[in-house]
Structures are given as structure tokens and as C-alpha cells.
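Undergrad: Chains as they are written, first to last, in full-length UniProt numbering: chain P, 1 to 128; chain V, 1 to 118; chain B, 1 to 178; chain W, 1 to 504; chain S, 1 to 89; chain Y, 1 to 931.
Just to be clear, a hint being listed does not mean it is correct.
Unchecked claim - To give an idea of the interface, some chain V residues facing chain Y are shown, with a C-beta separation under 7 Å as derived from the structure:
(1) Pro66
(2) Ile76
(3) Ile88
(4) Leu97
Unchecked claim - Short derived list, chain S residues pointing at chain P, Cβ under 7 Å:
(5) Leu2
(6) Phe7
(7) Leu19
(8) Gly27
(9) Asp32
(10) Ile42
(11) Ala46
(12) Ser57
(13) Ala68
Unchecked claim - Calculated lysine to aspartate or glutamate pairs in the DMTMM-like style (CA-CA distance at most 25 Å, straight line):
(14) Y/Lys723 - V/Asp96
(15) B/Lys165 - P/Glu106
(16) P/Lys110 - B/Glu134
(17) P/Lys110 - B/Asp139
(18) Y/Lys524 - Y/Asp354
(19) W/Lys105 - Y/Glu493
Hints in this document: simulated from the structure, not taken from any laboratory. Quick caveat: nothing in here was measured; it's all calculated off a predicted structure. The beta-carbon is built from N, C-alpha and C at its ideal position, and this holds for glycine as well.
What follows is each chain in one-letter form.
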Amino acid sequence: MNHWLEWAVAFFLLLGGSFVLIGSIGLVRMPDFFTRLHGPTKATTLGMGGILLGSIFYFSMSPETLSVHEMLITIFLLITAPVSAHMLIKTALHHRLKAVEHTQGEQELKRGQAFASKEGNRSETPDD
Amino acid sequence: METLFALCIGFLTACGVFLMLRGRTFPVVVGLTMLSYAVNLFIFASGRLNLKGAVVLGTSDNYADPLPQALVLTAIVIGFAMTAFLVILAIRARADLGNDHVDGSMPAPRHAKRERTK
Amino acid sequence: MRMTPRFSWLPTPYRSLLLFVIWLLLNQSLALLHLFFATVLAIGIPWICYRFRDPQPLIERPGLALRYILRVFADIITANAQVAVLILGPVKKLRPAFVRIPLDLQHNLPLTILAASVSMTPGTVSADIYPSIEHLAPDEPLPQRWLLIHVLDMDNEAELIATIKSRYEAPLKEIFQC
Amino acid sequence: MNHLILVPILLPFLTALLIMLPPIHYSPQRRRWLSMIATALLLVVSVVLLLTIQQQGLTFYALGNWQPPFGIIMVADLVSCIMLCLTAFLALGAISYGSAGEDEKGSFFHPLFQFQLMGINGAFLTGDLFNLFVFFEVLLIASYALLIHAGGKNKTRATVHYVILNLTGSAVFLLALAILYGTLGTLNIADMALKVTQLPDDNLMLVKAGALMLLIVFALKAAILPLQFWLPATYASASAPVAALFAVMTKIGVYALLRVFTTIFGEQAGPLQGLANSWLWPFGLATMLLGAIGVLASQDFRKLVANLVLVSVGSLVVLVAVQNTAAHAAVLYYTVHSTLICGALFLLADLIATQRGKAQDRLVAARRVNQPVLLGTLFVLCAISVAGLPPLSGFIGKVMLLQAAFGANGQYWLWAILLLSSLLVLIGLSRAGSTLFWRVSGMQKAEERVQPLQLFAVLWLLSASLLLMVFAGPLTELSFAAARQLADVLGTIQSILPGSGVLP
Amino acid sequence: MLAQVIFLVFGMISLALLLNLWRLMRGPSLPDRILALDTMYINSIALIILYGLLMGSPLYFEAALLIAMIGFVSTVAVCKFLLRGDIIE
Amino acid sequence: MNVLWILLLPMLGTLVPLLLAKQSRSRNAWGTAAAPALALAILLSTTQSVFSGEVLLQQWQWIPLLGLDLTIRLDGLAYLFSLLILAIGLLIILYARYYLSEQDSMPRFYSFLMLFMTAMLGIVLSGNILQIWLFWELTSISSFLLISFWWHKSEARRGARMALTITGGGGLCLLAAFLLLGNIAGSYQLADILEQGALIQQHSLYPLLLVLFLLGCFTKSAQFPFHFWLPNAMAAPTPVSAYLHSATMVKAGIFLLARFYPALSGTELWFLLVSLTGLTTLLVGAYLALFKHDLKGLLAYSTISHLGLITLLFGLNAPLAAVAGVFHIINHATFKASLFMAAGIIDHESGSRDMRRLNGLWQFMPITATLMMVAAAAMAGVPLLNGFLSKEMFFAETLQQHLLGALSWIIPLLATVAAVFSVAYSLRLIHDVFFNGQPKGLTKTPHEPPRYMRLPVEVLVVLCILVGIAPAMLVGGLLNSAASAVLAGNLPEYSLAIWHGFNLPLLMSAIALAGGVLMYVKRKQLFDFQSALPGVDTLNIFEQLMKQLTRSAEKLYNWIDNGSLQRYMALLLTAFVILAGLPLIQMDALGGGRAEIPIDAVNATGAAMLLISAFATVVWHRKRVVALLMISVVGLMVSIAFTRFSAPDLALTQLSVEVVTIILLMLALFFLPHKTPKQSEPSKVVRDLGLASLVGIIVGSLSYAIMTRPFTTISDFFIANAKTGGGGTNVVNVILVDFRGFDTLGEIAVLGIAALGIFKLLTRIPVFKPSSDGEGRPWARERHPLLLATVAQSILPLALMVSIYIFFRGHNLPGGGFIAGLITAVAIILLYISQGVDWVKARMNIEYQRVVAVGLLIAFMTGLASWLFGRPYLTSWFDYFQLPLFGEIELASAIAFDLGVYVTVVGATLLILASLGKMTTSYRPTHKEQL
Ligand code: NA
Ligand code: NA
């Protein structure tokens, strides 16, 4: 039983660690802000889930204790990560950050930027 | 580890002090915050470093010194109160005096000073 | 669509349930004392917090909601694998894009869940929901709103829009009956 | 266990809280009266405590029933009780003055004032070095808040300097505490004094570094050159009752110097004995001189009074460095005298400024004050007292200072500078007085009149000078007794840590 | 075996943190930096949890939870600041 | 009769004129005169015993530890001076009744005059030298008040200030001298000191003491070179000049010379200092007097000259000279007081004191003229008048001394020269004023004064004549007893006869008279010579000097204190470097030998991140938002370090404070510039870098030194007693709420006060709302992003749950009220951020300052509760209870205390952040106290 758990712990930790690392690699490697955002938002969250699961299993290894409160961190991250990302991308739009050249839907980007700032008057119909 | 810890404390102190010597309120606030970190680490270190000995009874048999930890807690809270006050004071000073220089007025440029002394 | 709670003493039952569970999670115990406290807090806290909550549609189809959650979890895992590959793969080959999706949902809670789901799943991040309604007069009709998303690697815009609308938006409409 | 020891801390605390809560907070009148009554009560308690301690000798109060050196203790000895009485006396004057209308020029005047009293009294009573830090912070934060009372550019400007310097000082204080704790392993002052005697040679210099850092902190509070810069602008810009209360703030630094450098580093401290003296002596003298120069240089009266505070601090610090009973007795007596009279002067400066129209307290020709006889008389009395001229208490203080220096190294430096600065002060005050009251431009007179509470406040503080003179005999005896008690470090250790095996 | 895994993961997280710091320093835009900081917060949760595993002590959990909270709140606050200047309006 | 009353009556008399302020002028004068008259009567009643050589002594304890006892000591010398002070004082009161005009405040004048009289009596009657000094300074003060009586005249103010400065400075020297004297003699009682002359004069400090003592005497007695204040003090009303500056105050210095004659005189040093000063003064005064056009000016300089004469006499170290000195004191007082009063009459009745305009007054006021002529003759030393007698004795004494060896003849020669001048100026006084043609340009027609205004002059002039004719009969006893007091009983043989036969002194007198007349006749050349000399306006010079002093003081002060915080900080840190660095240099080895913990890669990474981010903060401190992000990393790393080194509570607290700080700084940055302009000069940056590095090196070294040293601490007690004595297993928390709960009480008080202070700071602040960010970008449009709003609402219950959890576990596990409070507060602040102030206010309208007060009150009361059980404040209580179904639960007072902490923290944090946030809304903190 414990042996299985140990394997599970190792697996989840490695999985988590890898995703965390990949998320951060994405942060460094990606060409523009918008693409950089994806790594941390998703991979890191999943990576955290992995590590937290590892922790849950680890602390549940000893008899009569069941350590599940790491769930709370997972829930919290799941709730907040999209909001952080949302706020960040809104800021990026507001700051008119350049998207990498071959980004499709440049018009949508422009429209989004216009709406973020004061110029995006709401009387101006968004769909042309 | 002690050497590294001391190095960090010293470096944080130096950075904090340098910022506190700047002429605007905001860098001073930042410097003060940095200095507080250094001071807190210093107080903490006065109880000597301990890797496994969180001071909760029954979790270890070699506890860290709890007293400096309690002192740091007090210092953190007081430091927070003081920083908050200073920050707001900085706002007030900017509002009242029209600039954010710590002296409430811009220092005269150097050449002007020289002229005056002539 | 219901906006007003069924019981005034238990305005947000699912939230209460969540809190009940969380208290037990936090204390890692099923002792009677903790169950008692969990109950008290699960009722007390939502009751206090109810005033700090804008009226939202209530979950009408809990079963569906559970399914939705599981689906999103599954999507997160698959999506992450894809994103990981993209991140580690050649950067030059990425086809990033901005896409806007017309929204049928109107209320904040479902919209938020939709945007969050989109952010957590296949290579997309919700950028904005516009136009914002905070500048609308109370009696003004709601305009068509859009969800702007950024896609890390887009294949086919129409397909993406369709997937999102069917996979996430539609179930949400169903769950909240709005 | 005498609960009375704690009352000087708890009473202002409770008062502050009650003033902030219903039903007191509703009306200014209720806030005022509660504040004044509580302060009067504080004075009574302080005096009773002093009398009790005079009978019983040094007594301590173990908070939470945790005995020293483990718990925090409050130590009531003659020195701390004298300071408590002084603070309460001063505060009653300042609060009465503030209650004449100044208190309504901003929010939370009375609660903050009471908090400040709590901090000051705590600093006087505590027998624990870290607790001293906490109370320092209480009184500092309250002083920051009080300093900006009633607003204005000058206040803001001065407060920025005051706050930043003191925050740096607090950081140094913490570092010093950490060093002392890290070497001595205790925080109780008496226990530290004990531990210093058993200090391994290897730790000697570390303790010295910690002690000298404390010196910086206290020197900053006491405003000793070159750490005095915050003082003139701060005191000169503060609202009158606040400035009056601030008159005791520098004395807290002096008090702390006295506590730490006579108890912890007292005669039992071996190689560390009196380690601050060689610093305090020259810088104290320089402070005195600078203050006197400042009195001459001041362009407005409040700044002049602020510089008078510097002069008094300088004299006190030098005497702290002399380290004998007479010197410490002189420090105590002179502290009481100079604090109260400077407090009175700050209040008076405000009264004069109000009646001089636009010129305020600037030393230029201005319209004539509305009540020249009243204010002039008060001014002359205050000036006589503060300049150390007979017959008010100042001259006794001065004589005590001079006598205490007998036999000290560099006695004649002290004498020369003390007398020279007295002369400069005399010149400065006569110039200020003749400008304020006699250099009249225009026939216009102000409408403002001194209000009864304001007059009471000034007379109250001034009366102290008279009482200090009339009862100088018993009061100097009290000072000497207090100084003897202060110097008796072994006795102190014995009464606080009876298990330590130290015999006086 | 578990010990080696934990150290390996420690290495990964440390590397991740260094990468975050690199992005934080590098920028170039403010949102980039904020993103890097946000990621750093989350990665340090992992670090703390790992410490907990290493020490076999559950006392680290609350710290991790709090980091999650401050990561979120400070990101939101900074973004709001960049968007509106006035974060409480 | 109690001799104390001689002093006490005039002291009480100070109040009489004030009490009679509403009465008529005459009543006021009579009332005022009553006290000194009575005192005079008491004094006279002691005549018998004093003349018989008795010393009346009374003593009361005052400040025994300082050696200051109130002692009244009435001997011959004191008697003489008391007599002069009281008798002339009474005459002055009478005179002033007529002299003062309707506009002058008579009560004030009389009150000051009586104060002065008290002070003078105090000096002469004191039997304790500190007491002498007390009254000595009182004379300076009261004379300041009297000289500046006509404060609206600038020369009165200046003259008063000058007098105060000079005499005040002298007073300080005197104090030093007295303290030395007392220390040498071992007592401050006059009687003891006077007996120890030998001891004092042999003491190594005698020269210093003597110089200080003489500085005191000479400044007061207007001896050269301190003489210049006296003529400028003539801005005072004439009664004052007559009293203070001729008869009494200036004699105080002389009195001290006489008083301490037995203790201090007889040495070469004494002779050189005293007699030469006296001689110089005598000459300078006499010479300058001749050229004064102002009537009072002439009299003032003549006073200086006569004071020099008396000083010279005391300096000769001869008993007979001392007798002569005492005698001249009496004579000078009578004729000079009458002269001043007469001059005052002339001024009063003719409106001028300028001798170039006052001419031929004989025709208008013959009686006054006669009186003045007699007095002037006495001053000139004309036979049959009192001045002649003492001058004869003076000449005789100058001839007797051989102190300058072969040059001893110089003294009598110069004395004669001075006498020549003295005759000349007396002649000028009479001739220029009463004869010499007609008055020029007077505003009034002069006439005789009122009857009683002249009476004092008449009395004194009669005395001049009577003493001149029958000296022994009139003043023999007085002089005898006074002189024997001065000489400590060794009175020499002397005779007060008018005629001593033809001798050298008589010749000198004759030469003086003849020479004086001649000089006056030939005055034209002398005046031309004098006017060719550059004029010296001492008042202006002094005033300029004072201005210069003030200005240099100002310059020096501003040079030291230039108002720059950066300098103050640099000095503070330099002090730190020196004081903390010196012991480090003196240390043998920094390390203490304790084994170090090995470094691992993770910690090294953490440290590297800490160092890099700290460095980055400094480098980018001008880009404020970036700096904030960087310092957040530092904070994060510090928290992780706390976690790593077994301090979870610290990590939690640091983290929760961190959030609030970041929000706070973001809030604040809105109102501050977003960029710091580059301003510091490179040299300053280098200086600051050096200073910062030094501080860093010192602090780092100190921490290293501490960490590597073994150590014992009181902490073991806490670990051992946390559970049994404090009822908790989290020792840190038990320390906070129990062992050192008082610190925590203070700490939350600090937080609460800070919040109040911040509220105070934010009230009435001029609101300014930047319309764009640092780059000039206008703000985004959406105020409350939808996602954020919704999520914040969902987080609130979670956060509350977590904070309750953290709150309750704190006593046993990491956590506690402070952290819980911050979590709650942050959750609420998140609502403010995501929904705005209006939204929150509509749902929760609490005034946070009251929350702070309630929280503090809870903590306070928890502590107080232990009083109910007879325990010290904050004594904790806990117990375990068995409940059915629930099992064992613990109840502890610490929980209540922690609840206080929790509530305070929530209230304070919200008060701080919400007040700041509300700045841009209509709910911004208002000025009125909103409790
Ligand atoms: Na003439
Ligand atoms: Na705001």
C-alpha cells in the first residue's frame, strides 16, 4: 500500500515539477506578452495541481492521517488564475503591447485595445 | 549557511540604506521596507539558524529559539504601521508642498547655488 | 432563471456545502466538534457574506454542473499537454491569434465561469468581455457582447468559436437556465 | 503586587479608547472633560506612586505573572516615578490648553494625546529593553500623528523629516536589541546588567557595538548633535499643546540613556562600564552650544524655544556622562524644570503668536499684542526661569549642574560652555522679548484674547517653576535619593532577580 | 527514491524561479514583469510545499495558501493600478 | 525686631503699587513708600547693636544639599548699604511721584523700583553667597525692566538690552566664582568664607576665582572696559538713573569688593587687577565726562570715574584706603543722587538735557541751581563739602602705597589728573547750564519744580554740607562700623577732621581745583582736540556687534543645519558606522567558532534571487512600479527564508503584511509621481554608495559574528512552560499572547494609532487626481472588470473561513489573530478594489476607527480581567473541559486577547486602506471628527 503511494507521490511530484518548469520556460521562450501568458496560466496551474496532489498523497502515507487541505490551494488557484490572466491581458491591451507579427486577427486586437481605453466609446458599434 | 545569511542581511541593509538616502519620498519608503527586511532577518538570526525546529511543541526535539521569532513578529507589525504612516505622509507632503522631495522643496540646481555664494 | 434564494437562512446552499467541506479539509478531521463548527460556519459565513454578493442566477441543474466541472478538468489536462508541446516546440511555427466570440450569456456569474473555463483550457486566454455594462443606464437594453480571446496556436477560427460555444457556453446556459 | 504601577499606562490607554467610543465621542465637551479629568487622575496616581515608592523602595510588576527575567516587568523606582509625575503634570497643562479650541482643529486630538501619554509612561516604567522599544514606537507613532494636528505646510515638511529619521532610529534600535539579545540571551534590563558581569571576552566587543547603537537611538531621541536636526523644525511647527508635550520627548531619550548606561553598563559592568561617557561628554557640550547659537539665530520665537530645548538636552547629556550621584540628581531636577518651563514657553509662544496677527511669532516688528501686561509678565517669568536666573527654579537647576561637575574631567569646559550658553540664551531671550512686545508697528491691536483654559495651562506649568523653587530643599533631596537608587545597580538586580545570588 | 525525486523537483522549481526572475528583470513591458512575478509567487508555493515534504511537516501549508492569496491580490492590484491608476474607486 | 523684615517688607511692597493701581498718584506713592519706610525704621532700630560691632544673623534652611540656606546677615557694611538703599529709595519714590507724567504707568514703575530695592537689599543682607548671587541677578533683571521703562524708545530698549547683556554676563562669571569659592571654603555661608582668606588665597584656583569674581564686580560697577553700558542706561527715567546708576546698583560691584575684602584682598594679583582697573576707569570716566553735552551723560561718566576711584581705593590693599573707599561710597551716593535728581528737574521743567541749549537757567530756577551747585562742588571736591573729605583721604592713600615700586608715583599723579578733569566737568556742569548766556530753542519756559519734587534734592544737599562740616559727628559711627566690617575688625586709626594741616593731599586738591578751573577756561582747545578724534557711539557699536553676532550665529547655524534630510540621514548613518564599526575593529576574530550549516543549491538559488532582486530594486528605483515588483520578490524570498529556517509564523505574518503593503503602495503611487527624476549629483551618489556599503558591511559582519557564537538564552523557559503555563503548543504564539502579551498590546496599539494618524493625514488633503499615467496614457475605461468582481465576491467567504481557521489554531499551530485579521481585511479590500467604495459602503457602513477602538478595548479588558482574580495584568487563564459528544475542548483567555488583536488589525487595516482608497471618491475622510 505505502509502496504504491510512494510511487504516486513521485509521479505527481515529477509531473507537477515538469509542468511548473514548462510554464516558466514558456514565460521565457515565447515571443510576445500574449503568448507568454499561456504558459504560466495553464501549465503552472496544472503543475501546482500535480505537486499538491503529491503532497496530499505524501502526507496521507502515514496511517490515520489524511492530509487533504492542499486541495484548498488548488481550488484557490483554479479560481484566481484566470482572473489574474484576465487582468494581465487587459493591462496589456491597455498598454497597447505589440503582438508578434504573424498574429491573426489584428483587427480584433485593435478593437480590444480601443475598448480598453477611453477611445472605445460605447456608441461606436463594435461590429463595424 | 551563516555566511550566506549574513551576506544577504548586509546586502539588504546596504541597498535599503542607499535608497533611504535618496531625495524623494518614494525611494525612501522602498528603502525603509528593504531595511526592515534586513533588520527582521537580523533579529531572527540573533536566535541562531535552525533548519528543522519550528517552535510548535511536539513537532521536533530540537527547537529553534522562539523569542527572536516573537520579537520579529512584533517588529513586522510595527514596521508595517510605520511604513503605512510614512507612505500616507508622503502623499500628504506631495499634496501640501507640490513635490515629493523629502525636504518639501526642490534643491536649487548646482550652478545656481554657486552663483548665490558668489 | 432564479435570482432569489430558496431559503433566507441558507441563501447560497452550494457555497455552504463548499464551506462545510473546506472546514473539514482544513482541520483534517471528522470529529463531532469540527462537524458542529463546520455546520455553524457553513451557515453563518454565507449569511454574513450574502450582502456582499450581487444577485446571480442560481444553479438549476446541479448534475449538469458536476459534469461540466469534470469536463473542464479533463480539458485542462489535455490542453496542458498540448500547450506544453507548443512551448517546448519551435516558437516560429506558432500561429497566435485574437478571436472574438459573440456571447449569448448575459449574467456575470455564468460569464465569469465561461471566461475562466476558456482561460484554463486549449491554448486560449480570455482577454476581455466588451462592451462593459457599467456605463449603461439602468433601463438601457443590453448590447451584443463579445468575448475576446487570445489563442496560442489557431488552426481554424470558426471551428474554435463553435467549439467554445457548444462545449462551454451552451452547458452553462443550461445549468443556470438563463 | 501593586497594581498602581500599571495605572499610568493603562489609564491613558483606556481613556483614549473611551474617547473614541460612544457615548463620549459624540461631543467635543465630553471628549475634553474626560481627557482632562483622566490626566488629572493620572497626576494623582503618579504622585501617590511616587510617595509609595519613596516608602517601599524599588518595586516591580510582573505582567502576566511571569517573573523576571522571563516575563515583561514594569519597574517603579524614584527615577521613573519622578518622570511619571513630570509627564502627567505637563500633560495636564497641555491638554487644558488644547481644550480651549486647538483640539477641534483636527481629528483624534485627545485619543492620540492619551496614547502618547501611554507610550511615554510605558517607556518610563518598563524594565524590559524590547518592551522599551515597543513603547518608544507607541509614543513615536502618536507623536507623528499629533505633529500634523491642525495641518499646514510647515508641519508636513517637519513631520517628513521627523518620521524618516525616527524610523531609521527604530531600525537601529532593533539591530541593537538583536545584538544584545544574541550575546546576553535576555531582554530584561536588570538581567542584562547581571549577564554583562559574566560576559565572555569574545562577546565583549559585540555587546559594546550593541550598546553604542543604543546610544545612537537614544541620542536621536534626545536630540544630541549631530542627531538633533529633526528637533527645531519639528518643535517649532507643532501645534502648541503638542509642542508643549513634546518638551518631554527629548527627555525620554535622556532617561533611556540614564537607564541603560547606568544600569546595564554601570559600575558592575567591568570593561564596559560607562562606555558611552566619552561620546556623550563632547557631543553634549556641542549640543548645548549649538542650541545657544540657535537661540541667537532663531528668526521666530517658537524656533527659539525649540533651541532652548536643545540647550537643556545638551546640559543634561553632559551630566549623564559625569556619572555621579550629584550629576544624576542634577539631571533629574533639571529635567523636571526645563521640561515644564519649555512646555510653558511653547504655550506662551502660541498665545503671543495669536495676538500678533500675521507676523505670528516671527521676530519682526508687528502689531501690538492685545494683552501686553498679561503676556509680557508671563514672558518675563518664563524667560527668567528658562535662562536660569533667580528667583525661579532655573537658577537652582543651573547651580546643581555646575556643582555636579566638580571634580569631573573637563569640568571647566562644562562650566565655560554652560555659562556661555546661558549668556547667549539671555541675549537671545532679551532680544526676542523686546521685539515681541516692544517693536510695535502701527496702532492696530488684535481682537484675540487669552482664554481661561489657556491661561490656566500656562500658569499651571509656570507654577511648577515656582514650586520647584519653594520646595527645592525636599525636591533636591528626592533627586539625590533617586540618583542614589539609580546608581545602586546591584541592589536593583537583587530586588528584581532575588535568585541571582547578587548581593548589593 | 522519494528523496531523490524531491530534490529533482526542487531543482526544477529552482530553475523555474530563476527563469521567472530573468523575465522579471528583462521585461520588457510592465505586464511582462507582473506576469513573471505572478508566476514566481505560484512557483514559490511549489517550493514551500516541497519544503513541507522534505521536513515531513504540515506546518508549511498555510504559508503556501497565503502566497497564493498575495500572488493573486497583488497581481490584481498592480494591474488595476496600471489600468485605472486608482485601485479603489 | 526681626531683621528679615528689612528685606521682606520691600518685597511685599512690590505688590502695593499694583494693588493701588486704581488709586490716585499721590496715594500710590505714599502707599509704596510705606513698606521701605517701615523697613528703614526697623533698620534704624538696629543701629545700636550694629554700631557696637554685633552681627545680626538669621538663618532658615532652604536647599541644604546645594549649600543654599536663606541667611540674613546684618553687619556694619550691610547696615550702611541698607541705609543708603532705603533712604535714597524713599527720596526717589517721592521724587518720581512728580517726575512721572500722566502717560507713564506709575504702578508699574513703582513695582519695578521696589523689586529693584528688594534685590539690592537682598545682596547686601545675604549671609550666603549663592543667595547673594540670587539677588545679584535680580538686580540685573529689575534694572532691565526699569531702563526699558519707556519701551517705545528704541534707545531705551537697546540700552536695557546692553545693560542686561553686560551685567548678565558678569553675573554668570560671578556665579562661577562663588561656586569655586564655596567649593574651596567648603561652605557657601559668608561667615565661613570670610574666615578662610588664607586658605582661599593659597588655593591654586584663586587666580581664576578672582578674575571671575572681579568680572562680576566690574561689569556691574561699570569699570573699564565694561563701563559703556552705564551711559546708555541713561535712557531710563531719571529717578532710575539717580537710584540705580549712581547710588545703588552700580555700587553693588563695589559692595562685593568690600564684602569679600577680607577673603580675597591682600594679594599682588588683587592689587594689580583692582587698582589698575580702578585707576583706568577713574581717568577714562573723568576725561569722557568733560565732553558730554548731555547732562545725564556727563553725570553718568562722572559716576564711572568715581566708581573707578572707589575701586582703586579697594585695590590698594591698605586698610585706610578701604576706609576711604567706604567713606566715598557714602559721599558719592549723596551728591550723585542729588545731582541726577536735579538734572531730572531741569529736564522735566525745560524739556532738554543738552547743555548746548540749556544756558542761563539761573534766572528761571535759582533754588535748583543753588542745590545743584553745592552738589557739584561736593563732586569736585571743594572743601567744606563731603566730597572733599573722601577725596583728601584718597589722595593721601595714593601717596601711601608703594605697590608699583619705583613707578609708584604714577598713581598719585594720575589721581590728580583725574581730579583736574573732575573739577573741570563739575564747573562745566554749573556754568554751562545755569550761566553762559540764554537758553537756545527750548520747547518750554523753565521754572522751579513742584515743592516736593525738590525736597529729596534739598535733603541730600543738606547732607552733603553737614557731612562736609561735621563728618565725625554725622557719619563717624556709620563709617566706623562699615569699615570695620570690611576689614574684618582690624580697623586702623583714622581721623575724619576737616583740617589735617598743609600736606601733600591738600596740595593735590589745590592743584586739582586750580587745574580744573584752568582746564575749563581753556576748554575750547580741548574740545577741538576731542572732536577731531573719531566719535565712538558705543550703543551703535554694541548694537552692530550684537547684530554681527546674531548674523554669524545664524550663518553658522544654517551652515550646520541646512534643512536637508539627506544630510541628516548621512550624519545619522555616519554615527552608526563609527559607533558600531569601532568595536568591530577592536574585535579579535569575527567568527565565533560555532559550526555552520552547509549551504545547499536551493538555498543558494533563493539567496541569489534575493540579492539580485534587491540589487534590481536599487538600480530601477526611479521606475517606481518596477521597483515595487522587485521589492516584492525580496519580500517573498525573505518569507521563504523564514519558512526554511523554522519560523512559519514569521513567514505567515510577513506574507500577509506583504499583500497589504503592496496594495497600500499601489494606492499611494496614484498620488505620487510614477518616476523619480534623476537629480543626485554623481559625487553624492558615490558618497551614499560608500556609506550604504559601510553600513551593510557592519550589519552583515555583526550578524555573522552573532550567528557563529554559542549562546544561552532565557528561551528554554518559554519552550518548557508554553504548554503547561500558557496552554498552547505554538511557543511563538504563546510568547506573543502570554509571556510577552504586553508587547503585543503595545504593538496593536501602534497599529491602531497609525491608522488614526493616517486618517488624520488624509483629512482635508488637497485632492488631485492624475488624469493619465506616467507615460501620459489616459486611464482605462472599465472601472470594475466583471471577472474580478464576481471572483472577489466568491473569495470573501473562503477568506473568512480561512481566517477563522487561522485564528483558532494560532495558539497551538502557526497562525493567530494578527494573520487572520489581515486575511479578513484583504478579502474586504479586494471587494473595494473590485466593486468600488459605493458598492461596499451600501452593504457595510461601519466606521473603522470604532472597530479599532473596540478591538483594543477587547484586548485591554482581557488583560484587566485578571485583576478580578487578584492576578497581575494579562495573567492568562486556560482550562480543559469535557463536553458530552464533543470531547475535550480548551478555553483560554488568550483567545479573547487574540480576538482583540484580530478586530484591531481588521479595523486598522481597513481604516488605512479604505480611507486612502476613498480619497478619490465622495466619501473621502472629512475634517470633522467622525467618531
Ligand atoms: Na549750556
Ligand atoms: Na481611490
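Undergrad: A separate judgement is required for each hint: does it hold in the structure or not?
TA: Structure-based check of each hint:
Annotation: V/Pro66 was flagged as interfacial toward chain Y, and the flag holds, the nearest CB pair being 4 Å apart, inside 7 Å. Using the Cβ-Cβ criterion of 7 Å, the hint placing V/Ile76 at the interface with chain Y is satisfied: the shortest such distance is roughly 5 Å. This hint holds: V/Ile88 has a C-beta 5 Å from the nearest C-beta of chain Y, less than the 7 Å allowed. The interface hint given for V/Leu97 is broken, as the beta carbon of that residue sits about 10 Å from the closest beta carbon of chain Y, more than 7 Å.
Hint on S/Leu2 holds. Least Cβ distance to chain P is approximately 6 Å, under the 7 Å limit. Nearest Cβ of chain P to the Cβ of S/Phe7: about 10 Å, over the 7 Å cut. The hint is violated. Checking S/Leu19 against chain P: minimum C-beta separation of about 4 Å stays under 7 Å; hint holds. A hinted interface residue such as S/Gly27 counts as satisfied when its beta carbon comes closer than 7 Å to some beta carbon of chain P; here the least separation is about 10 Å, so the hint is violated.
The interface hint given for S/Asp32 holds, since its Cβ lies 5 Å from the closest Cβ of chain P, which is under the 7 Å cut-off. Checking S/Ile42 against chain P by beta carbon gives a least distance of about 5 Å; that is within 7 Å, so the hint holds. The restraint placing S/Ala46 at the interface with chain P holds, with a minimum CB-CB distance near 5 Å, inside the 7 Å limit. Because the closest C-beta pair between S/Ser57 and chain P is about 9 Å apart, greater than 7 Å, the hint is violated.
Nearest Cβ of chain P to the Cβ of S/Ala68: about 5 Å, under the 7 Å cut. The hint holds. Distance check on the hinted pair: Y/Lys723 and V/Asp96 sit about 53 Å apart at the alpha-carbon level, beyond 25 Å; violated. In summary, the hint linking B/Lys165 to P/Glu106 is supported, as the alpha carbons are separated by about 22 Å, within the 25 Å threshold. Between P/Lys110 and B/Glu134, the direct Cα distance comes to roughly 22 Å. Compliance with the 25 Å bound is thereby established for this hinted pair.
Only pairs whose Cα atoms come within 25 Å are accepted, and P/Lys110 paired with B/Asp139 is rejected, the gap being roughly 30 Å. A distance of roughly 18 Å separates the Cα atoms of Y/Lys524 and Y/Asp354; the hinted pair therefore holds under the 25 Å criterion. Under the criterion of a C-alpha separation no larger than 25 Å, the hint pairing W/Lys105 with Y/Glu493 is inconsistent with the structure, at around 79 Å.
Violated hints for the displayed structure, listed by number in ascending order: 4, 6, 8, 12, 14, 17, 19.
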